[in-house]
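Chains A and B are the protein sequences, given in the same order.
Start counting the first sequence at 1; every next residue gets the next number (our numbering).
Start counting the second sequence at 1001; every next residue gets the next number (our numbering).
Please note: incorrect hints may appear among the correct ones.
[What the hints assert, rightly or not] Distance condition first, Cα-Cα at most 27 Å in a straight line; then the derived DSS-like pairs of lysine-lysine:
hint, chain 1, residue 1, chain 2, residue 2
1, A, Lys52, A, Lys3
2, A, Lys107, A, Lys52
3, A, Lys3, B, Lys1057
4, B, Lys1057, A, Lys107
5, A, Lys69, A, Lys54
No lab work stands behind these hints: they were computed from the structure.
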Amino acid sequence: LAKTTQPISMDSYEGQEVNITCSHNNIATNDYITWYQQFPSQGPRFIIQGYKTKVTNEVASLFIPADRKSSTLSLPRVSLSDTAVYYCLVESGGPSGGGADGLTFGKGTHLIIQP
Amino acid sequence: KAGVTQTPRYLIKTRGQQVTLSCSPISGHRSVSWYQQTPGQGLQFLFEYFSETQRNKGNFPGRFSGRQFSNSRSEMNVSTLELGDSALYLCASSLEGAGGYGYTFGSGTRLTVV
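Extracted from the complex, chain A is given alone in its bound form (with noise of 0.2 Å):
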């Protein structure tokens, strides 16, 4: 599976549009990108998955660009509560997702949102 690289930590405030940039430079035809979050001792939780150009739900953005090497998770006027790790990880479209390795988790972005 290809490997992601992600800032190790970022900083921000409240009200502010945070975007969290992921490499994913081997990305093979059939792969998703996803982000997870994490909050401490708890498990990480799906916020938006995509294949190619932009996704968009309640709570998140995601931008493929067109070589899909890279996207861009943005958060949207962010609070206190957005505080947390977020993980890029790349799933296989196979019959298997996470693939012969499960889902690689890196280690993560640390967002810390000031008020």
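Starting from the known structure of chain A, arrange chain B on it as the hints suggest.
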């Protein structure tokens, strides 16, 4: 709808003992996978079950094992516990375990080995 349920929530065991953790996936989900999370190693994949068959396995010793029942509920077992097995164990379920569906995680079981 009910989420992924993991039991117990917390567990304290002694070195050398064994432990069994349980995971009930979302109704209709056939894929269940297990992860270990520690501060040092982060989230690491243990294994995945699909329709009662182990489909994938991570790089963990044979002391870690699992199974899945016909109702998709899954258990994982760790034998001969070591201090380093102290971790948050997470279970995730998915419709098919394939791209396009995403995974839903439980809240985890916090295992402490003393």
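Here's how the hints hold up against the structure:
{"no.": "1", "hint": "A:Lys52 x A:Lys3", "in the structure": "18 Å, holds"}
{"no.": "2", "hint": "A:Lys107 x A:Lys52", "in the structure": "24 Å, holds"}
{"no.": "3", "hint": "A:Lys3 x B:Lys1057", "in the structure": "18 Å, holds"}
{"no.": "4", "hint": "B:Lys1057 x A:Lys107", "in the structure": "21 Å, holds"}
{"no.": "5", "hint": "A:Lys69 x A:Lys54", "in the structure": "14 Å, holds"}
In summary, the structure agrees with every hint in the numbered list given earlier.
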